[in-house]
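Engineer: Each chain, letter by letter, is given below.
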Amino acid sequence: MTTLLEVSGVSVTFDGFRAINNLSIAIGEPELRAVIGPNGAGKTTFMDIVTGKTRPDEGKVLWGERSVDLLKYSESQIAKMGIGRKFQKPTVFEDQSVRDNLAMALKNKRGPFSVLMWQASAQDEARIVELAEEVGLSERLEDSAGILSHGQKQWLEIGMLLAQDPRLLLVDEPAAGMTPGEREHTTDLLKRAARTRAVMVIEHDMEFIRRLDCRVTCLHEGSVLAEGSLDHVTRNQQVIDVYLGR
Amino acid sequence: MLRLFPLVALTLALAITLPLRAQTDSLTPLQDALQSVQEHVASPSRATVPAVLRALLDADAPGTVDFLRAWGDREVYERAEDGLFFYALEAPDRMLALIDIDSGAEAGAVSTRAVNQIRPNAGVRREIGAALVSFELMHPEASRRLAALDNIARSPDAEQIEALTLARDAEDDSRIAARMDRLLDLLNARFATDTDVRVDAIDGLRGDISTEARRVLNQILQTRAEFAPEIPEGTNVARIRAPGSDIELIAAYATLAEAGLVPARPGRNAIRDALRRNVVDGAVGGIPVHQLTSDEMRRAAYAALEAQGSVAPLVTEDDMRAAVREVVFFDAYLEPDPAVTDAARDALDSTRTRISLWQFVSISLDALSLASIFFLAAIGLAITFGVMRVINMAHGEFIMMGAYTGYVVQTVIPNYTTSLIVALPLAFAVTFAAGVAMERLVIRHLYTRPLETLLATFGISIALQQLAKNIFGTQARPLTAPDWLAGAIQVNDVVSVASIRVAIFVMAIGFLAMLLYILNRTRLGLEVRAVTQNPGMAASMGINPDRINMLTFGLGSGIAGVAGVSIGLVAQVTSEMGANYIVQSFMTVVVGGVGSVFGTLAGATLIGFLQKGIEWFNPANTLAAQTFMVLFIILFIQFRPKGIVALKGRAAGD
Amino acid sequence: MSLDIPRNTAAPAPSRRSFLHENPSVLWFMGLLGVFTVAVTVLSEGFGLGLISTNLVKVLGMTLCLCLIAIAMDVVWGYCGILSLGHFAFFGLGGYAIGMWLMYARTEIVIRDSLGRGTIPPTELEVSEAVAAQIFGVVGSSELPLIWTFAGSLPFQLAMVVLVPGVLALVFGWLAFRSRVTGVYLSILTQAMTLALSLYLFQNDTGLRGNNGLSGLQNIPGFLHVPQSVLSVWFFWASAFMLGAGYLLFAWVVSGKFGSVIRAIRDNEARVRFLGYNVEGYKLFVFTVTAVISGIAGALYYPQAGIINPAEIAPIASIYLAVWVAIGGRGRLYGAVIGAAFVSLLSSWLTGGGAPNIDLGFYRIVWTDWWLVLLGLGFVAVTLFFPKGIGGLFDYLVRKKP
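Chains as they are written, first to last, in the working numbering: chain A, 51 to 296; chain B, 39 to 692; chain C, 741 to 1142.
Note that these hints are calculated values from the structure, not bench results.
We put the beta carbon where it would ideally sit given N, CA and C, even for glycine.
Among these hints, one or two may not hold up.
Listed below are several chain C residues computed to face chain A (Cβ distance under 10 Å; list not exhaustive) [unchecked claim]:
#1 Arg1011
#2 Phe1014
#3 Val1026
#4 Leu1100
Using the sequences and the hints, build the whole thing.
Structural biologist: Here you go:
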């Protein structure tokens, strides 16, 4: 396992409020990692920084074998380097079919001219079908994404994430609003994905995390409070005080 | 100088006697005095005028000044039968109605034959005029003395120097004395015969930015373009113009040709005309006509004609150079004394610096006034767009509605002050109602679709504009300011501000204060801010967002109405006036920073100053100024997309 | 890197079907446009029965140009979500570019003719000076401005028809999108651009005849002997051809993955960024291509209108364009065509005095006065109650059929 992403000494201030405070965190490849923490601990802001949406005041975000500084790149460039992100609220393109949603996310050239000339190759087609099957949407390929159920939208988004074929997946609360059956399916999806790549999951649901069975990082007030196995973290007195005990 | 003596004596005597002003007992003191020098009054000559003046002076009668003016203007008549003097009015049947010179009462009508009109000649009239100036300059009433000074300033004359100097010595009022000093400088600078006096006077005008002072200096510095083989002795040269650089070679040569010193140079058209005259068998000078389509060929044909001797010789550039080299071109001052022109140039230079300073002040005031108009037009938008994020394209039409409300009120209430006082709140009420109606009927349904709000309000905007056109017609309607706002505040000859613009500035400040108060210090403001930041949370705390949105929109629209009245006072009221302001208003809000009253203030100030600043570089072209301003704004938004006063962090809510 | 061993699935490949097969509306549109063109030609004065006056042919040809810019607007707004209030400026620039050639070349012919009658022929300099005096006398100048240097060259000015709007859109779009100005801000910014441009053109000393604009554009140099009745049909054909070509181009652009991406940008541009697409590049591409098409539409429109002046470019014109597209129905190309044709024809019918006035007894409704009120309020109603516009009606038809 080699280190894929290394965040070190990052701080962000919004109007005097320190959302992230000297945060350092690293993830290897392949690895599955869960991030927990109370509201306002900076979990989402952390993802914003990694994906280029928010610029930190200080600190470094290094990526890959050649330690590229991600802070110099735009959102789309970072995405192209291989960081995929799933938002807390499922954001799929509701006006378009499941197929189109997946086709857009497929790992192909992203420039306007290549996209204009793009024709789905047999390989692309096969990949779309395969992904749809993977996330359980084979029957609904031609349906508009807007009419999917909440859970199906979450899966579609995960499917789009996989279609990008990223090296690092950042997944924000994937199980929110899912039925127990759907959760199980989601856990399987993530665990399978983590066999070949780095997957970072933000979640509140301890049961879900337990099922992921992975290393856990607990954030609090913008920095790492504890890190280790779930049992190790949940036994940490500080974690109990600020998060679990409440 | 000698002939001025009686005048001097008179003024001196006046200076002494005026304060005393003894009253004689006679009922006709003027007539009596005049009768004592009857001959001299009836047939005046330059030699006899002093005697008359002395007599008048001795009598010190009340109507003396009027009499002198009438005497000079040939309005005094002598009755033939008794030699008494009268003024006269035309009466029917070629008769004249005589008027007593002391009492101003009618003294019966006579035939024109029965009186002689007294007609002093030009020399005498000048004498009388000078005496009059002295009389006026010495007048006990300050306003009369000032009026006399203004008269002198209007038509300056060398002969006024003496009278003015004397009057200056007798003057007590320091303000008038200062004015006299300056007038003396003006007169001396131009008319004095002594160089030192003139230079002193000119130095006294240094830094004086009034137009009269600058006119005098410019008059001294007038030049005339001349040329000569050598600069003549005693010429006061302003500058030498070198042909080729200061004056174009062709123009220099043309000057010489005009003076008949060299043959005129045939230009392109002259060559063409000459060729036309000399077409023989379809060719000119051996060159077929159809080949004459370039200047080279034409010149060749002309050269051929020249060789035949049938046309004037072609003047080459070398010829011109040679001719021009023989002479010097220069500008000479009309004023022969270099000391005077040097002093005047110095004085004017120092004046120029001060003028540019004052011009800067003037432009700043203009810009401030423009900024307050922009602010007034935009502040309503700052509320609806800035606070509610609703883009109201009909905002301009609310401004127009306010202006038309003002116009309608003026047609009902003739008194401009009263109608203005009525119009302001009424305009607010009308546009407030219109705004609330629009919010309830249209905008409420589109809060989640901002781009469609833009379009729907645009639909309302074109409908309102056309309605106004249908009701009020296409021609501009007047909205007249009351008299007390009609004038201008004149700081000096460079800086003046129209009172109405000051009023608008004050009004803009008033609105700023009022809005800040409403938004920051009242319950309504608190609720508005709450709804803006988190409508759901505000609603759960018992604030009715519908009501707040309605009120906010009404407030923004109402302010647009009031702005409309004030803009109508300085601009034309037409159905399209709102459209003229809408884009600028949006710019103001966007440049300033959305959601902040201070931002709008900053935006309006920036745009106002910018526009005036650009106009200053190119005053003839306000369109260019607007073009560049818009371009600047587009670039500005590149660097500060959130405006001057940007909200930061999560509050910005992008 | 794949997640699982791909199961051997035979792709049903519905997207392999031909472009036209997948977009039947394109075929319908082409068919109708063809029928319309033939019908107008047969009924025209120049080529057939003479039932349609030359003037009406021109109006119809101009309407087709408006339809062309409307579909461009639909792509940039309805599909990509950029409410540009500047596309009519590009339209006008195209008109100015071709208008310069039309005016220069025609004036040159007239001048050469009159100077050529003299005893000796004119020089080139005399011709160009006389042309300049003729064109710019109205703004008190007799010099040919720098931008008219190549006005006599048709290829150059045709290139300008494409390049001027294209480059302006590219530079402006680059500036605007780069700083991530979106939504209503972008609309206002494009409106500012339009305002700046029209103010610039209103000036007398900018070399485009100020508020006089360019006129006499209906006379085509080289075809001065051809009657207007024939010319009008030629331009009608050209307009119909360009509209067809433009429709085909845009239908192809928006139907594939590119269309998918720009619609995604419209709906959630941040999400598209996280998918790795350079959103700014796409917007710039769409903005520029539609600007170029708008310029071409303008270059075809103004020779039929005969005159162009800066008032045509004023911000209000671009807003009307948005109105047409909204009334016709955004996000579908035929909707834009319907909106532009319907509103502009209705407008010229009502304001041209063609419609009978309505006497209510107490008030007489004169359409020239009330048309804009009707349009404004109708527009509000469409926005509020029929956000899909007239084109939305087709959804009902299509849904009822099966």
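Engineer: Each hint should be assessed against the structure and marked as holding or not.
Structural biologist: Each hint tested on the structure:
At about 5 Å, the closest approach between the beta carbon of Arg1011/C and any beta carbon in chain A falls short of 10 Å, and the interface hint on this residue holds. Evaluation of the Phe1014/C hint against chain A yields a held restraint, the C-beta minimum of about 5 Å falling below 10 Å. The criterion of a C-beta within 10 Å of any C-beta in chain A is met by Val1026/C, whose closest approach is roughly 8 Å, and the hint holds. This hint is violated: Leu1100/C has a C-beta 45 Å from the nearest C-beta of chain A, more than the 10 Å allowed.
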